[in-house]
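J.: Using the sequences and the accompanying hints, generate a full structural model.
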Amino acid sequence: MDAAVERTGMYLQRVPKACGGKLPHALVTTAKYDWIIVPPQRTWEHFSHQADIGIRGTGATLSEAFEQAACALTAVITDPDGVRATRAVEIRCEAQDPELLLVDWLNAIVYEMAVQHLLFSRFEVRTDGHRLSGCAWGEAIDIPRHQPAVEVKGATLTELKVAQDDGGRWIAQCIVDV
Amino acid sequence: MDLSRFERVTDNEWRINPVGAMRVPGIIYADADLIRGMDDKVYEQITNVATLPGIIKASYAMPDAHWGYGFPIGGVAAFDAAQGGVVSAGGVGFDISCGVRSLTTGLTRSDIEPHKDSLADVLFAAIPAGLGSTGTIRLNDRGMQAMLTGGARWAVSQGYGYQDDLQYIEEYGCMAGALAEEVSQQAKRRQRDEMGTLGSGNHYLEVQHVIEIYDRNAARAFALHENDIVVSIHCGSRGLGHQIGTEFLKSMAIAAHQYGIELPDRELACAPINSPLGESYLGAMRAGINCALANRQILTHLARRAFEGILPRAELSVLYDVSHNTCKQEEHVVDGKPMRLFVHRKGATRALGPGHADLPEAFRESGQPVLIGGSMGTASYILAGLPQSEQRCFASACHGAGRAMSRRKASKQWHGRQVIDDLSARGILIRSHSYRGVAEEAPGAYKDVDAVVDAAENAGLARKVVKLAPVICVKG
Chain A
18 MDAAVERTGM
28 YLQRVPKACG
38 GKLPHALVTT
48 AKYDWIIVPP
58 QRTWEHFSHQ
68 ADIGIRGTGA
78 TLSEAFEQAA
88 CALTAVITDP
98 DGVRATRAVE
108 IRCEAQDPEL
118 LLVDWLNAIV
128 YEMAVQHLLF
138 SRFEVRTDGH
148 RLSGCAWGEA
158 IDIPRHQPAV
168 EVKGATLTEL
178 KVAQDDGGRW
188 IAQCIVDV
Chain B
120 MDLSRFERVT
130 DNEWRINPVG
140 AMRVPGIIYA
150 DADLIRGMDD
160 KVYEQITNVA
170 TLPGIIKASY
180 AMPDAHWGYG
190 FPIGGVAAFD
200 AAQGGVVSAG
210 GVGFDISCGV
220 RSLTTGLTRS
230 DIEPHKDSLA
240 DVLFAAIPAG
250 LGSTGTIRLN
260 DRGMQAMLTG
270 GARWAVSQGY
280 GYQDDLQYIE
290 EYGCMAGALA
300 EEVSQQAKRR
310 QRDEMGTLGS
320 GNHYLEVQHV
330 IEIYDRNAAR
340 AFALHENDIV
350 VSIHCGSRGL
360 GHQIGTEFLK
370 SMAIAAHQYG
380 IELPDRELAC
390 APINSPLGES
400 YLGAMRAGIN
410 CALANRQILT
420 HLARRAFEGI
430 LPRAELSVLY
440 DVSHNTCKQE
450 EHVVDGKPMR
460 LFVHRKGATR
470 ALGPGHADLP
480 EAFRESGQPV
490 LIGGSMGTAS
500 YILAGLPQSE
510 QRCFASACHG
520 AGRAMSRRKA
530 SKQWHGRQVI
540 DDLSARGILI
550 RSHSYRGVAE
560 EAPGAYKDVD
570 AVVDAAENAG
580 LARKVVKLAP
590 VICVKG
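So the protein lines, in turn, are chains A and B.
Residues in the first sequence are numbered from 18 upward in steps of one, following the numbering used here.
Residues in the second sequence are numbered from 120 upward in steps of one, following the numbering used here.
There could be a bad hint or two in this list.
[Stated by the list, open to error] Straight-line distance between alpha carbons at most 25 Å, and here's what the computed DMTMM-like set of lysine to aspartate or glutamate pairs gives:
id : chain 1 : residue 1 : chain 2 : residue 2
1  : B       : Lys447    : B       : Asp384
2  : B       : Lys528    : B       : Asp158
3  : B       : Lys586    : B       : Glu331
4  : B       : Lys531    : A       : Asp96
5  : A       : Lys178    : B       : Glu381
6  : B       : Lys235    : B       : Asp540
7  : B       : Lys528    : A       : Glu176
8  : B       : Lys369    : A       : Glu81
9  : B       : Lys369    : A       : Glu111
For the record, the hints were derived by calculation from the structure and aren't laboratory data.
Here the structure is a predicted model, which is why all the values come from computation and not from measurement.
T.: Next up, the structure:
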């Protein structure tokens with residue numbers, strides 16, 4: 018299917034119709050093609066948890082998923098768009114598996130935010146799933162401007178998952194305690 | 120949760136018989152409605168806790184139980200070290216010794232009313248609250264060591280409050296067995312700017328008034344009368360506690376295998392009490408308790424100074440200070456035998472009954488004050504320990520209402536400014552740095568605390584003494 022698919026835009030994929038049938042999830046069907054929504058390759062989101070908040074990053078690579086998870090972490094506190102990426106903080110961690118590595122990465126960011134009074138909006142990660150070398154860019158917390166909603170106490174092992182989905186995209190998620 | 124998964128013992132006590140790897144039964148103290156309103160994870164977590172080595176009698180859940188980290192929030196479990204019992208970082212939580220301190224003031228509702236706005240503003244200015252706020256106290260290494268060992272006792276020695284305050288704090292203000300050297304440099308660094316700060320989320324400093332009295336004798340013992348003004352502070356061990364929780368959760372999760380512990384859920388990470396890791400955690404956790412006690416002592420001092428400026432005749436006296444995220448070594452009688460047990464209370468409050476030796480003289484007859492924090496804009500309660508709570512679940516009770524909906528949903532459903540305006544129209548002043556934070560803490564986002572407290576009383580865990588309504592809330 019990949020060879021036959023033509024990406025026409027960021028969110029729409031054009032798929033040649035096979036055997037005249039219609040893809041069940043097609044947004045629009047024409048004589049020759051089905052048009053389906055393809056989620057952006059690299060993104061973050063929150064998911065519900067009763068007491069606290071779930072954060073999830075997705076990406077084409079493991080590193081991208083980790084970067085996006087860190088954006089989701091910031092978004093728990095404040096809108097990442099409102100945080101200028103002017104100061105860089107280097108972060109290195111190591112863990113026995115990619116899931117514990119995610120927790121370490123997020124907790125390292127939480128620690129730097131706490132001790133340096135910073136918020137971060139841009140992240141760069143290089144990781145093989147056991148060792149991580151990364152950088153977080155941000156600025157000093159400005160309470161009136163950023164209006165931080167809540168403090169993240171730490172990343173937890175609850176709903177902790179680092180894996181590829183059926184489409185080969187990497188997902189990195191966990192619940193953070195606020 | 121599906122009620123058919125439980126065996127009804129009484130209307131307010133429901134049992135899960137041991138199946139599979141469970142070593143003891145699960146017991147929930149709640150009525151049918153509350154149980155139906157709980158998420159399925161509560162069942163899973165109660166039963167998971169019941170599989171841990173050395174657990175004694177049962178894995179308990181309080182009327183406000185909800186999905187937690189390994190342990191349900193509102194979970195109680197006691198372990199015997201001699202039987203390979205474990206201590207669990209998840210069974211204490213990320214906010215070690217989060218708790219509530221309530222103070223009487225000698226003022227009434229009508230004393231406060233003309234000064235409400237000024238008092239709200241002064242408290243908001245005086246109490247560092249929310250992410251990014253910093254305290255004015257900076258501790259050097261020696262000071263940090265002293266604080267972690269001395270708790271509220273240390274704080275009083277530094278001029279924050281009075282000697283008399285200490286007897287109305289659990290552990291008399293100082294947790295024994297704290298090992299400052301087991302607290303990492305990162306945890307101490309994280310605490311450096313946070314001494315005397317409120318934190319955020321569901322933390323608050325509230326000015327409240329007594330709106331109903333249920334037990335006149337106990338109210339008298341607590342020096343509470345109708346319309347009295349009470350100040351309540353809800354917060355914990357700040358960055359130090361969070362860092363300790365983070366670090367030990369990881370090391371316990373990794374080490375469980377080599378201790379031969381099979382974790383049904385990685386979040387249930389624990390270590391044998393009698394092991395280097397277990398002892399290290401206990402030492403660090405107790406230091407975390409001292410940090411929380413010192414923190415609430417400093418906040419008391421700041422609140423006293425704020426009141427002095429607006430209402431000089433106010434006298435803020437500590438009613439009591441309780442913690443609801445701890446693991447304490449306590450003596451309990453099990454099947455007629457006295458045992459020293461390590462009791463985890465995760466989102467659960469100790470509730471000693473009348474006559475208990477650990478109570479200050481003033482509360483020997485009434486039982487321990489159990490401070491139940493309400494959510495923003497809703498009622499809080501002060502309960503008193505009941506004698507039968509000891510037999511029920513090691514003298515424990517609930518701690519608050521618990522959330523009814525996620526933060527995401529709440530911030531979509533409510534706007535902070537509207538919530539503040541609505542509460543103001545009802546005479547309740549909210550002060551916060553973040554509108555979204557207020558929306559996430561909207562009264563409607565929480566369960567009905569009245570139902571939780573009634574269930575606790577009906578289950579024989581603690582009895583209602585007074586109900587409090589908010590007047591001013593400084594939100595973290």
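J.: All the hints need checking, so say for each whether the structure fits it.
T.: Checked hints:
1. Lys447/B <-> Asp384/B: holds, 23 Å
2. Lys528/B <-> Asp158/B: Given pair lysine 528/B, aspartate 158/B holds - Cα atoms ~16 Å apart, limit 25 Å.
3. Lys586/B <-> Glu331/B: Between lysine 586/B and glutamate 331/B the Cα gap is close to 5 Å, so the pair holds against 25 Å.
4. Lys531/B <-> Asp96/A: holds, 14 Å
5. Lys178/A <-> Glu381/B: holds, 20 Å
6. Lys235/B <-> Asp540/B: The given pair, whose Cα atoms are some 15 Å apart, holds under the 25 Å limit.
7. Lys528/B <-> Glu176/A: holds, 19 Å
8. Lys369/B <-> Glu81/A: Judged against 25 Å, a Cα distance of about 24 Å means the pair holds.
9. Lys369/B <-> Glu111/A: Distance ~12 Å between lysine 369/B and glutamate 111/A Cα, so the pair holds.
Checked against the numbered hints given earlier, the structure satisfies every one of them.
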